[in-house]
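Engineer: Residue numbers (my numbering), protein chains in the order written: chain A, 9 to 352; chain B, 9 to 352; chain C, 9 to 352.
Zero decoy hints are in this set.
Each pair may be met inside one copy or between any two copies, as identical chains are not told apart.
Heads up, simulated DSS-like pairs for lysine-lysine below, C-alpha to C-alpha not over 30 Å straight-line:
id: 1; residue 1: K199; residue 2: K19
id: 2; residue 1: K199; residue 2: K76
id: 3; residue 1: K19; residue 2: K58
id: 4; residue 1: K58; residue 2: K199
Keep in mind that the hints were calculated from the coordinates and are not lab data.
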Amino acid sequence: MKIRLADLADKIGAELLGPYAELEMTGVAGLDHAGPGDVTFVDTADLLEKARSAGAVIVPPEVERCDKPALRAAHPRLAFARVLALFAPEVSVEPGVHPTAVLGRDVDIADGVSIGALCFIGDRARVGKGTVIHPLVYVGEGVKIAEHTTIFPNVTIYHRTEIGSRVIIHSGAVIGADGFGFTQVDGKRHKIPQIGTVIIGDDVEVGACVCIDRATTAQTVIGRGTKIDNLVQIAHNVRVGEDCVMAALGGIAGSSIVGNRVTMAAGAGVADHVTVGDDAILGALAAAISNVPAGAHFSGMPARHHEKFLRAQAAHLRLPHLVEQVRALSQKVKALEEAMSKPR
Amino acid sequence: MKIRLADLADKIGAELLGPYAELEMTGVAGLDHAGPGDVTFVDTADLLEKARSAGAVIVPPEVERCDKPALRAAHPRLAFARVLALFAPEVSVEPGVHPTAVLGRDVDIADGVSIGALCFIGDRARVGKGTVIHPLVYVGEGVKIAEHTTIFPNVTIYHRTEIGSRVIIHSGAVIGADGFGFTQVDGKRHKIPQIGTVIIGDDVEVGACVCIDRATTAQTVIGRGTKIDNLVQIAHNVRVGEDCVMAALGGIAGSSIVGNRVTMAAGAGVADHVTVGDDAILGALAAAISNVPAGAHFSGMPARHHEKFLRAQAAHLRLPHLVEQVRALSQKVKALEEAMSKPR
Amino acid sequence: MKIRLADLADKIGAELLGPYAELEMTGVAGLDHAGPGDVTFVDTADLLEKARSAGAVIVPPEVERCDKPALRAAHPRLAFARVLALFAPEVSVEPGVHPTAVLGRDVDIADGVSIGALCFIGDRARVGKGTVIHPLVYVGEGVKIAEHTTIFPNVTIYHRTEIGSRVIIHSGAVIGADGFGFTQVDGKRHKIPQIGTVIIGDDVEVGACVCIDRATTAQTVIGRGTKIDNLVQIAHNVRVGEDCVMAALGGIAGSSIVGNRVTMAAGAGVADHVTVGDDAILGALAAAISNVPAGAHFSGMPARHHEKFLRAQAAHLRLPHLVEQVRALSQKVKALEEAMSKPR
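Bound-form chain A, shown alone (with noise of 0.2 Å):
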């Protein structure tokens, strides 16, 4: 694919700078792969110098004037992502229902759909229009699936999950399995049927092999517009607030509820029972164990104050040195008291 610049700034928002309007350009590429026919981008001023290999740079609206070919934008990193979306590569969906897939009795399938192979949906299932499910995919009874949503291959979706608009869900992910819920009676643990559901709002990204567990009762709730990143576990009863971000490998545990725009770094955790303000961010590996209040930033085990945590920290850097003035002061305080003792 080949792009006028001119064409390109006005298709992602931009201003160009410079006299470059017919310079072609094929390509995009990060900063540090970028070649002449490539598109790149700079958040900042000061990393322009690292574009010089590139054809043509998104800058930010700071710049004024660029010895190359420079596209002025208001967020630098929205544009790049609209020229992304101008060059990536078509991939081939099939409109319909395949004939391998097996679709079971009042399956409600509108207009523009696309059932990949061998998916199996389940009764009563519904999927909204423009929705594309990949092969290999289970949607089971009663599930809602709205519209323009993207279910990628072996997608596990239990009965009766309720699933937005304009969803992505990548493959390995289960939605709906059984909350985690035993009562041990004489040592034997017992299954607490767990009969609620899991509702996923619109604009929500729920990457490779996430688990996102079914509520006891009632639903387990992902919020608008929310990211979650591959492996990351949900359990029963939680509640996700919207635009939020978990990064890789974290997990919610039961009934907590996670407020908006939240921040989950890697490996970051939520115990159970906990309530996480709008707007707070737990660092990678952050466990909460109690509420955090809303736009705090927690980190450590168990998280607190991420001050708190770096003085602690610090000071646990520290702690062999810290032995080692302890172990003097102990020997300098008893000659001291040697030498009180002594008669002068």
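Given the coordinates of chain A, assemble chains B and C onto it according to the supplied hints.
Structural biologist: Same frame as chain A, but now just chains B and C:
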């Protein structure tokens, strides 16, 4: 569904308090969500006031009277589990082998088995009576599955695995993949073939995306009644005892032995060649790098007795203060030394 | 199966000690389980007494004689791996494309390939000779798989991924899902399209439920000979070198670079944009948040030189004692100060 309280009491083995035999319940819910038609439960009498809006409440034996319909049970949570089972929406299971399932040679399938659409069942596999295999499951060559077991969609069971009765395996689980065994010669890793198997006892539940590797020789064993949450790793040659509970994102490394009734909280891990005694508890994120005595409660990394862990953690939280204290002490000692060195 | 010791020695490249050429072995087992018909092995001579009950034992070169049948080999573990391979039960693989597999357009399948039941192979995919794709595998559009590679059931390989020769990919693994890339504008997360790919080198083994994300642009790369255990996360744009070993439940965050022959123990993680040098070792649960020098052994969170980590950990274990010491010192110093302030 509607059920008279007298009938409900009967079915769940509870005693109905008050003149409510004819009152009908239409649902079941947790304490936080229960409405006027719902049955809920409390473990202890002091929670009763939280059940205000519920239609009826299951109470423990010490409750003698109640100002609302109450069902007295020896184990309220177990009675609640039975109510949940009564109200669970039925999930339709077609008996028989779905025509799109692919069966190998000499497969032995008992009466009342359901094998879902698009399953693959390998040569000489045996499936016991009443077992339900949902769609898109892979059952390898020579696998033996006993009676009344449930395998959810997209599960993979490698060749020669043996699975007990009344087992539940959730989607995405992988049972019997090769253990992680290599030997290094001249900087290259050579695979050690893993020719053992996996044995899963009766009444085990295996969560979504759990991985249980086959043994090098002999067997990896999960004991009867053990419950495993999502995204747990169990390595080759491991032996887990009976009635254990392992929460999500934990792991047991190669050749370790875990006793009976062991509890591993979320993210807890056991290093390789370690023995964990009966009834031991590993706290969340605990890392057992050496043997854990029977009945012990271990926490932290490395895991040690919980009380020691708590003391060290408390001290850790005071570390910045301790650093200050030592600095102040150093100055005082220096002042004392100077004072002592002066002639008086 | 039965094999004469003379033949066995020949097949595994070992030297038979003693007059046992005609003795027949019927199995293979680890040191703990070996019976009179089994071959086992010891890495070092001092373990020989543990092999008492075994039929024959593979021994290292320094063993000159043995009171039981012994097979002397330069690398006993490697020789044992060869015995395991000899005794491994055959798993039947049907050559050819199973009639229930669904193939896209212009698929290029070499001789001797086995494509199992209920697989989906996308348009223009290429599968090299001798490769075995087990049932229920998804191979996306334009994927290239080289020769003698094995893909176990329920694996997902997204479009345009490239996989080398003699690679093994275990069930539930997801190769090439979108990297976790978003840009935040006015509190909303906008997806950054991930249009790169994944390249997996020759002789790589990928564990069950491993996730390897596709690059934003360019490639995520796993180098030749690297072995990855179950439930590992490898983020977009990562480059892992050759002959590395990553144990279960670990992860590498976006754009990081891991050298050759790096060992990551269970749960170890590498933060984003970090470089780990050749031959480095990350201990269990180590979290590398900044660069790790070649050859270094790092542990802890944050990861640092293992000796420093051990010293800090030892000090940490003594913390409660240290707190006591400082309290006692404070009192002594106070007493000294008081004594000094008194006239003598």
